[in-house]
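Novice: Residue-level listing of the chains:
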Amino acid sequence: MPRAVRPPPKPGKDLVAASATPLLLAILNKGPSYGYAIIQAVRDLSGGALEWSEGMLYPVLHRLEDQGLIESYEQSGETGRKRRYYRLSADGKRALATERQKWTVVNAALEKAWRPT
Amino acid sequence: MTDVDDAIAKYRRQVEAEAKLAESDLDELEEHLRELTDELRTTGMSAAEAVTEAARRLGDPRQLAREHVRVRSPFGAPLSAARAWSAAAILGIIVMLVETWVELSVFVLMPIALVARKTWARGLVLGVTVHFLLARWLLRPHFDGDPLVWLGTLGVVAFVMPWRRREISPAAIALALQAWAFGSAAWGDMSFLEQYETNVAIGLVSAAAACFGTVYRARWSAIASAISALALSGMMFSELGELVLSRREFNGYWIHDFATVGTGAIAASVATFLVWRTKRAATGTFRSLTQTQ
Numbered sequence: 001m002p003r004a005v006r007p008p009p010k011p012g013k014d015l016v017a018a019s020a021t022p023l024l025l026a027i028l029n030k031g032p033s034y035g036y037a038i039i040q041a042v043r044d045l046s047g048g049a050l051e052w053s054e055g056m057l058y059p060v061l062h063r064l065e066d067q068g069l070i071e072s073y074e075q076s077g078e079t080g081r082k083r084r085y086y087r088l089s090a091d092g093k094r095a096l097a098t099e100r101q102k103w104t105v106v107n108a109a110l111e112k113a114w115r116p117t
Numbered sequence: 001m002t003d004v005d006d007a008i009a010k011y012r013r014q015v016e017a018e019a020k021l022a023e024s025d026l027d028e029l030e031e032h033l034r035e036l037t038d039e040l041r042t043t044g045m046s047a048a049e050a051v052t053e054a055a056r057r058l059g060d061p062r063q064l065a066r067e068h069v070r071v072r073s074p075f076g077a078p079l080s081a082a083r084a085w086s087a088a089a090i091l092g093i094i095v096m097l098v099e100t101w102v103e104l105s106v107f108v109l110m111p112i113a114l115v116a117r118k119t120w121a122r123g124l125v126l127g128v129t130v131h132f133l134l135a136r137w138l139l140r141p142h143f144d145g146d147p148l149v150w151l152g153t154l155g156v157v158a159f160v161m162p163w164r165r166r167e168i169s170p171a172a173i174a175l176a177l178q179a180w181a182f183g184s185a186a187w188g189d190m191s192f193l194e195q196y197e198t199n200v201a202i203g204l205v206s207a208a209a210a211c212f213g214t215v216y217r218a219r220w221s222a223i224a225s226a227i228s229a230l231a232l233s234g235m236m237f238s239e240l241g242e243l244v245l246s247r248r249e250f251n252g253y254w255i256h257d258f259a260t261v262g263t264g265a266i267a268a269s270v271a272t273f274l275v276w277r278t279k280r281a282a283t284g285t286f287r288s289l290t291q292t293q
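As given, the protein sequences belong to chains A and B, one line each in that order.
Everything in the first sequence is counted per the working numbering, starting at 1 for the first residue and increasing by one.
Everything in the second sequence is counted per the working numbering, starting at 1 for the first residue and increasing by one.
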């Protein structure tokens, strides 16, 4: 009987927090979105490994808005109710590029370190 | 859907009981609850079960409310009720002892802002009172103030001072420095520095505008700060010029005037830098004006 494949361990609080900004910016770079859909996108992208405390997404979005990286506007969704959508600003696009460079450096270092010599 | 509506209304009340959030922020949370509930119902849950699970996933309403206030307030964590009321009470007594109209207006505004639990109150009070202590008493060559006012002001400073790390934000520090600059210009208004009355008037108006601009979270506040820094520097160099030309005597009073105006010029310059550096929308919003705990 084949041994059951254990799912990889879920990233801890620190990792989740550190990756929140680049993830949000990258998701919004694909197009405007709103809170509930963003949570879904994070879950899909990580295959369910990244579990965000759903309510805590909003303070993070509001902070990014405060920093001028994203902008919000209201629009009715397909449910007919009003939704607050977020989109990336010009500053946000620049911040995303910087974040991407930083994470590439970290990723490259880890890849090299893990390679068997 | 009455089960769902009731449960959602209850969640909103729990958030509101902890902190006063903007209506649009509450609507955003409600919309999330409704969508999550709809989704969970497609898996076969009853309405009541679905909304309970949705609320659980959204998280503890109290914690959520606190986090919202922290992020939404650009002036740092709000003062606790006890500290705000204590400082306001002392200011209420001191207000009877101030000397000029300019001072009176600020000393009336401060306790009102504190009692209304405005998040910007702390920065304003801190800047005005520290300047007041330094310029009106500590730097004076002879102690001629009322010891009660002196002690009272010290008490106010103790209550509004940041007691813990991260209790005060760069925006609050900028506001404190702008209030300091206003105090320096106000000193010019009541002392014999009024011979530079154009500079004093520009300093007073621009420093007041800078304070308002920071509370309003507008970037033009940096320009107002820069103007007040220039006006105060102008006063400072005129003082120096007077001394060099020996029209005034070099003594403790001269040092006091020079230091009062000089520290104001430095405060306004640092505030200019701080406001410019913090990212703000060009026009600002009134959000922070109405932000209370």
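These aren't lab readings, by the way, just hints derived from the structure by calculation.
Some hints could be false.
Said to hold, decoys possible - Each computed DSS-like pair below joins lysine-lysine, with the alpha-carbon atoms no more than 30 Å apart:
id	chain 1	residue 1	chain 2	residue 2
1	A	Lys112	A	Lys102
2	A	Lys13	B	Lys20
3	A	Lys93	A	Lys30
4	A	Lys82	A	Lys112
5	A	Lys102	A	Lys82
6	B	Lys10	A	Lys112
7	A	Lys30	A	Lys10
8	B	Lys10	A	Lys82
9	A	Lys10	A	Lys82
As the list claims (entries may be wrong) - Every beta carbon over 12 Å from chain A, so not counted as near; a handful from chain B, in silico:
id	residue
10	Ala7
11	Tyr11
12	Ala22
13	Leu33
14	Arg34
15	Leu36
16	Gly59
17	Leu64
18	Ala65
19	Val71
20	Ser105
21	Val149
22	Gly234
23	Phe250
24	Tyr253
We put the beta carbon where it would ideally sit given N, CA and C, even for glycine.
Novice: If a hint holds in the structure, say so; if it does not, say that too.
Specialist: Consistency of the hints with the structure:
Distance hint between lysine 112 of chain A and lysine 102 of chain A is fulfilled; the C-alpha atoms sit about 16 Å from each other, no more than 30 Å. For the suggested pair lysine 13 of chain A and lysine 20 of chain B, the alpha carbons sit about 28 Å apart, so the restraint of at most 30 Å is met. A C-alpha spacing of about 11 Å is found between lysine 93 of chain A and lysine 30 of chain A, which places the hinted pair at or below 30 Å, so the restraint holds. Only pairs whose Cα atoms come within 30 Å are accepted, and lysine 82 of chain A paired with lysine 112 of chain A is rejected, the gap being roughly 48 Å.
Of the pairs offered as hints, the one joining lysine 102 of chain A and lysine 82 of chain A is violated, with about 37 Å between alpha carbons and a cut-off of 30 Å exceeded. Under the criterion of a C-alpha separation no larger than 30 Å, the hint pairing lysine 10 of chain B with lysine 112 of chain A is inconsistent with the structure, at around 52 Å. Between the alpha carbons of lysine 30 of chain A and lysine 10 of chain A the distance comes to roughly 25 Å, so the proposed pair stays at or under 30 Å and holds. At most 30 Å may separate the alpha-carbon atoms for a hinted pair to count; lysine 10 of chain B and lysine 82 of chain A meet this at roughly 20 Å.
Between lysine 10 of chain A and lysine 82 of chain A, the direct Cα distance comes to roughly 34 Å. Violation of the 30 Å bound is thereby established for this hinted pair. Under the 12 Å C-beta cut-off, the non-interface status given to alanine 7 of chain B relative to chain A holds; the minimum distance is some 15 Å. With a cut of 12 Å on Cβ distances, tyrosine 11 of chain B falls inside the contact zone with chain A, its closest approach being about 10 Å. Chain A draws alanine 22 of chain B into its interface by the beta-carbon criterion, the shortest separation being 10 Å against a cut-off of 12 Å.
In this structure leucine 33 of chain B is not separated from chain A by more than 12 Å, as the shortest Cβ-Cβ distance comes to only about 9 Å. A Cβ of chain A approaches the Cβ of arginine 34 of chain B within 12 Å, the least distance being about 7 Å, so the stated non-interface status is violated. The non-interface label for leucine 36 of chain B is inconsistent with chain A: the shortest C-beta to C-beta separation is roughly 7 Å, within 12 Å. Distance check for glycine 59 of chain B against chain A: the nearest CB is about 4 Å away, which does not clear 12 Å, and the non-interface claim fails.
The beta carbon of leucine 64 of chain B sits about 4 Å from the closest Cβ of chain A, which is not more than 12 Å, so the claim that it is off the interface is violated. Listed as a non-interface residue, alanine 65 of chain B fails to keep its Cβ farther than 12 Å from every Cβ of chain A; the least gap is roughly 10 Å. At roughly 4 Å, the least C-beta separation between valine 71 of chain B and chain A is not larger than 12 Å, which violates its mark as non-interface. The beta carbon of serine 105 of chain B is kept farther than 12 Å from every beta carbon of chain A, the shortest such distance being approximately 31 Å.
A cut-off of 12 Å between C-beta atoms confirms that valine 149 of chain B is not in contact with chain A; the least separation is 39 Å. Distance to chain A confirms glycine 234 of chain B as a non-interface residue, since its nearest Cβ pair spans about 34 Å, more than 12 Å. Against chain A, the non-interface label of phenylalanine 250 of chain B holds: every CB pair exceeds 12 Å, the least being about 49 Å. Distance to chain A confirms tyrosine 253 of chain B as a non-interface residue, since its nearest Cβ pair spans about 46 Å, more than 12 Å.
Consistency with the previously given hints fails for numbers 4, 5, 6, 9, 11, 12, 13, 14, 15, 16, 17, 18, 19, ordered from lowest to highest.
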